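Start from the sequences and build out the full structure, keeping to the hints where you can.
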Amino acid sequence: MASHDDDLSGFREEVRQWLEQNCPPSARNVPQNADNSFWGGRNAVHGNEDRKLWFERMAQRGWTVPSWPQRYGGGGLDASQARILAEEMRRIDAVNPLQSLGIMMLGPALLEFGSEEQKLEHLPKIARGEIRWAQGYSEPGAGSDLASLQTRAEDCGDHFLVNGQKIWTTYGHKCDMIFTLVRTDPQAPKHQGISFLLIDMADPGVEARPIRQLSGNENFSETFFTDVRVPKANLVGVINRGWDVAKYLLTFERTTMGSSGSGAQGEGLDQAALRLFGREGLAREPGLRQEIAEVLIGTWSARIAGQRLFDQGKAGAISPFSPSVLKLLATELDTRRTRAMMALGGFDHLDPGGSAAYKWLDAPTNCIAGGSNEIQLNILSKRALGLPEA
Amino acid sequence: MALVLTQDEVMLVDAAKGLLSREAPLGMFRALRDSGDPLAFDPALHRRLAASGFVAPNVAEADGGLGLGASAAGLIMEQAGHVLAAAPLLSAAMAAGLIGKTASKAQKDTLLPSLITGETTIAAALDETARHEPSVLATKATRNGEGWLLSGSKTAVIDGFGASAWLISAEFEGTIALFLVEQAAAGLEVDKVDAVDSRNYAKLSLKGTPAMRLGDGDAGPAITAALDLGRALLAAELLGICDEAFDRTVAYLKERRQFDRVIGSFQALQHRAARLYARLDLARGVVLAALRAIDADDPEATWLASLSKSVMTKLSRDLLVEAVQMHGGIGVTDAFDIGLFVKRGRAAGELLGDDYFHTERLARDYWRL
Ligand SMILES: Cc1cc2nc3c(=O)[nH]c(=O)nc-3n(C[C@H](O)[C@H](O)[C@H](O)COP(=O)(O)OP(=O)(O)OC[C@H]3O[C@@H](n4cnc5c(N)ncnc54)[C@H](O)[C@@H]3O)c2cc1C
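Going down the list, the sequences are from chains A and B. Position 344, counted from 1, in the first sequence is what the numbering used here calls 344; the numbers after and before it change by one each time, with no gaps. Position 46, counted from 1, in the second sequence is what the numbering used here calls 46; the numbers after and before it change by one each time, with no gaps.
Since the hints were made in silico from the structure, they are not lab data. Remember, predicted model here, so these are calculated numbers, not experimental data. Treat the hints with care, since some could be wrong.
Claimed, not checked - Here are the simulated lysine-lysine pairs, DSSO-like style, with alpha carbons at most 30 Å apart:
1. B:Lys254 to A:Lys247
2. A:Lys247 to A:Lys232
3. A:Lys52 to A:Lys125
4. A:Lys382 to A:Lys247
5. B:Lys192 to B:Lys207
6. B:Lys105 to B:Lys207
7. A:Lys382 to B:Lys254
8. B:Lys101 to B:Lys207
9. B:Lys17 to A:Lys382
10. A:Lys190 to B:Lys254
11. A:Lys314 to A:Lys119
12. B:Lys192 to B:Lys140
13. A:Lys125 to A:Lys174
14. B:Lys17 to A:Lys314
15. A:Lys174 to A:Lys232
Stated by the list, open to error - The calculated label-pair distances, taken between Cβ atoms and stated as ranges, are:
16. B:Phe336 to A:Arg16: 56 to 66 Å
17. A:Gly346 to B:Ser151: 32 to 42 Å
18. A:Trp18 to B:Glu61: 36 to 46 Å
Just so it is clear, CB atoms sit at the ideal spot from N, CA and C, and this is done for glycine as well.
Shown next, in the form of structure tokens:
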């Protein structure tokens with residue numbers, strides 16, 4: 001035990017030095033949001049030369065995906081080491097070198113369900129930011145009731161022929177490939193005729209049209225598939241058993257959403273309140289001050305929950321319901337926090353180009369995406385509490 | 001320390017659960033309440049709990065205790081919450097904390113052994129206001145030869161009626177000091193106070209009451225630490241109360257039929273129950289984090305204690321009202337047990353500061369808003 005701890009403190013020292021030498025100043029103290037992030041891909045755009053260098057150095061060590069095996073481009077770190085790396089990066093407020101749905105969602109699913117060829121083909125490209133992935137689950141007629149999806153994939157011998165439409169595809173118009181749920185057996189009960197298929201968005205017949213959001217950004221798209229030929233090798237897992245993959249992947253999506261929104265990054269709401277409104281202002285408006293205190297209490301509780309989840313993971317005692325709990329509470333808290341930020345800035349925060357308005361308009365999307373919060377409540381009612389169907 | 005229970009702690013929880021369900025089932029508390037016993041707890045039960053090491057497990061090993069800290073005390077309180085065990089566990093743990101941090105070796109040797117065995121009960125008398133506000137301290141100490149005399153009054157003294165002795169905060173020449181007053185002391189009046197939860201509370205009136213001082217320095221930090229310990233322990237008890245009331249409610253949702261189906265199939269009720277489940281899950285981590293921080297002498301411990309008390313008081317208020325509502329008419333009867341949880345939850349939430357108090361404390365002193 002002691003020697004493992006010694007190893008860890010040695011590791012921390014090494015990480016700290018390496019980061020000190022390799023993380024350029026302009027890759028630090030950058031607000032960590034979707035726009036400041038590097039997403040990789042065939043048309044990758046770096047924020048600046050320094051951040052490009054930072055990304056390349058991290059990818060070189062496999063630290064864009066610290067805990068994936070090294071043979072797939074990862075850093076091969078165990079959970080404690082990965083946590084130390086994350087802590088040390090947070091300590092110097094280093095920007096995340098690479099954001100991607102490939103890291104957050106597809107990677108874990110491929111590690112669990114993919115064939116060795118698929119892992120070797122796709123994982124290193126995710127780790128090195130060469131391919132930017134989109135998620136093709138939702139359809140116009142299949143949102144919460146995802147399993148009713150209609151996009152068809154017909155078995156044509158050496159390939160599948162895909163026809164249909166996806167919607168709300170996050171950055172669909174900027175992505176290179178898309179992992180989709182498609183119907184491969186229209187006769188089977190709805191959960192049993194679905195397969196998990198990887199599609200190259202550069203292939204003929206794929207078209208992504210951006211959709212403009214309340215926040216003014218175009219962060220998702222409609223994605224159309226017209227007679228798209230997809231190689232058989234792109235089927236992940238067993239045919240007609242794609243629902244298993246889909247559900248497995250969703251728990252990662254929810255855990256990510258449950259931890260990313262917990263206000264851990266950047267300026268805290270307490271500092272923002274003092275900067276924007278000051279103690280005197282807050283004293284004049286006890287209701288607003290109370291709201292801020294309550295949001296801070298929620299934020300702190302969520303942070304403790306994140307730490308507890310990690311400790312439970314190490315002890316092999318994770319509750320299968322944690323992703324739903326954290327997703328539900330963290331996304332609601334996030335909307336509350338952005339509302340408080342709007343109030344603190346008053347008229348000035350109505351500026352549509354400002355980050356407060358952007359975050360306020362964007363926060364509710366997370367209560368809908370990843371399985372709406374009502375769906376999380378359904379999951380908890382049925383699975384955690386064992387309450388019966390209506 | 002990790003926010004999961006250790007092997008030893010799991011065993012402790014099992015042992016506490018087992019003993020409490022055998023020796024102190026909920027019906028025992030109800031019978032005690034109905035008997036009107038002024039002591040409001042069963043001294044024999046308290047001694048049996050003590051024999052298993054459940055009373056003041058936070059007394060340091062060097063002082064002859066188990067040295068299991070706030071974490072163990074909290075896990076026991078949580079289990080006591082499930083059955084509403086009426087035993088002076090909270091006051092014992094707080095007294096142990098106060099004595100451990102202030103008393104001389106000789107004082108510890110006289111006070112702690114019988115506290116641990118449950119033969120004596122010692123109550124901390126710190127509050128002077130109806131709403132918890134520890135900064136108010138009007139009780140004064142004066143010198144009397146070698147000894148001390150106290151004058152003032154205390155309220156909301158937990159387990160204070162019939163106690164063997166009281167630990168009393170008082171001001172002496174501008175510093176906060178802690179004193180021990182014995183049962184037979186002159187000029188001491190102890191009044192039993194009835195409360196909705198039918199537990200033991202007292203008001204004290206002190207008129208030139210002889211007292212023994214514990215330690216000789218500023219007792220302020222020790223008192224704050226004891227309050228923090230008490231707050232985290234009450235949060236743990238509230239967690240047990242909420243878990244129990246919630247489990248009983250979910251069971252009722254699966255059993256009660258209306259409109260030809262169980263009421264738990266109605267989504268309106270499902271979502272309300274699921275939301276409480278989620279909040280309970282989050283709160284569990286918060287309570288454990290507070291207990292762990294106290295044991296680690298973490299400088300954040302005092303704030304985590306407030307966090308835990310704030311979160312649990314608010315959750316218990318919301319959860320217990322839902323527990324009643326989802327039971328329908330039977331939920332508001334005295335014969336049905338859910339009401340016992342409601343009443344204890346209300347009192348445990350109030351003691352040592354409710355969510356309004358602790359949210360304000362964090363806002364003012366921690367975030368400096
Ligand atoms: C910002 C954003 C990004 C997204 N990114 C992606 C992506 O990259 N890929 C992808 O595939 N999808 C994505 N989605 C889609 C997302 O998964 C769906 O929007 C979501 O599952 C809800 O489906 P819907 O929009 O069709 O709403 P609906 O299912 O029509 O729901 C409408 C309302 O009804 C409620 N409701 C529905 N069913 C029930 C029920 N059984 N009980 C109680 N209430 C119910 C919902 O909670 C919601 O409030 C994204 C969504 C958003 C907002």
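Cross-check of the supplied hints:
With a CA separation close to 27 Å, the supplied pair lysine 254 (chain B) and lysine 247 (chain A) stays within the 30 Å bound. For a cut-off of 30 Å, the pair hint linking lysine 247 (chain A) to lysine 232 (chain A) stands: about 22 Å separates their Cα positions. Distance restraint check for lysine 52 (chain A) and lysine 125 (chain A): the Cα-Cα separation of roughly 16 Å lies within the 30 Å cut-off, and the hinted pair is therefore satisfied. A threshold of 30 Å between alpha carbons decides the hint, and for lysine 382 (chain A) with lysine 247 (chain A) the separation of about 16 Å falls inside it, so the pair holds.
The hinted pair formed by lysine 192 (chain B) and lysine 207 (chain B) meets the criterion: a straight-line CA distance of about 18 Å does not exceed 30 Å. With a C-alpha separation of about 29 Å, the suggested pairing of lysine 105 (chain B) with lysine 207 (chain B) holds against the 30 Å cut-off. A distance of roughly 11 Å separates the Cα atoms of lysine 382 (chain A) and lysine 254 (chain B); the hinted pair therefore holds under the 30 Å criterion. Only pairs whose Cα atoms come within 30 Å are accepted, and lysine 101 (chain B) paired with lysine 207 (chain B) is accepted, the gap being roughly 27 Å.
Restraint check: the Cα-Cα separation between lysine 17 (chain B) and lysine 382 (chain A) comes to about 28 Å, which is no more than 30 Å; the hinted pair holds. For the given pair, lysine 190 (chain A) sits about 28 Å from lysine 254 (chain B) by alpha-carbon distance, which is consistent with the 30 Å threshold. Straight-line distance between C-alpha atoms of lysine 314 (chain A) and lysine 119 (chain A) comes to about 25 Å, which keeps the hinted pair within the 30 Å bound. For the suggested pair lysine 192 (chain B) and lysine 140 (chain B), the alpha carbons sit about 23 Å apart, so the restraint of at most 30 Å is met.
Only pairs whose Cα atoms come within 30 Å are accepted, and lysine 125 (chain A) paired with lysine 174 (chain A) is accepted, the gap being roughly 16 Å. Restraint check for lysine 17 (chain B) and lysine 314 (chain A): satisfied, since their Cα atoms lie roughly 26 Å apart, inside the 30 Å limit. Straight-line distance between C-alpha atoms of lysine 174 (chain A) and lysine 232 (chain A) comes to about 25 Å, which keeps the hinted pair within the 30 Å bound. As the Cβ distance of phenylalanine 336 (chain B) to arginine 16 (chain A) is approximately 59 Å, the hint placing it in 56 to 66 Å holds.
Between glycine 346 (chain A) and serine 151 (chain B) the CB atoms are about 52 Å apart, so this pair departs from the stated range of 32 to 42 Å. Separation of tryptophan 18 (chain A) from glutamate 61 (chain B) is about 43 Å and conforms to the stated range, judged on CB atoms against 36 to 46 Å.
Hint violations for this structure: number 17 only, all remaining hints satisfied.
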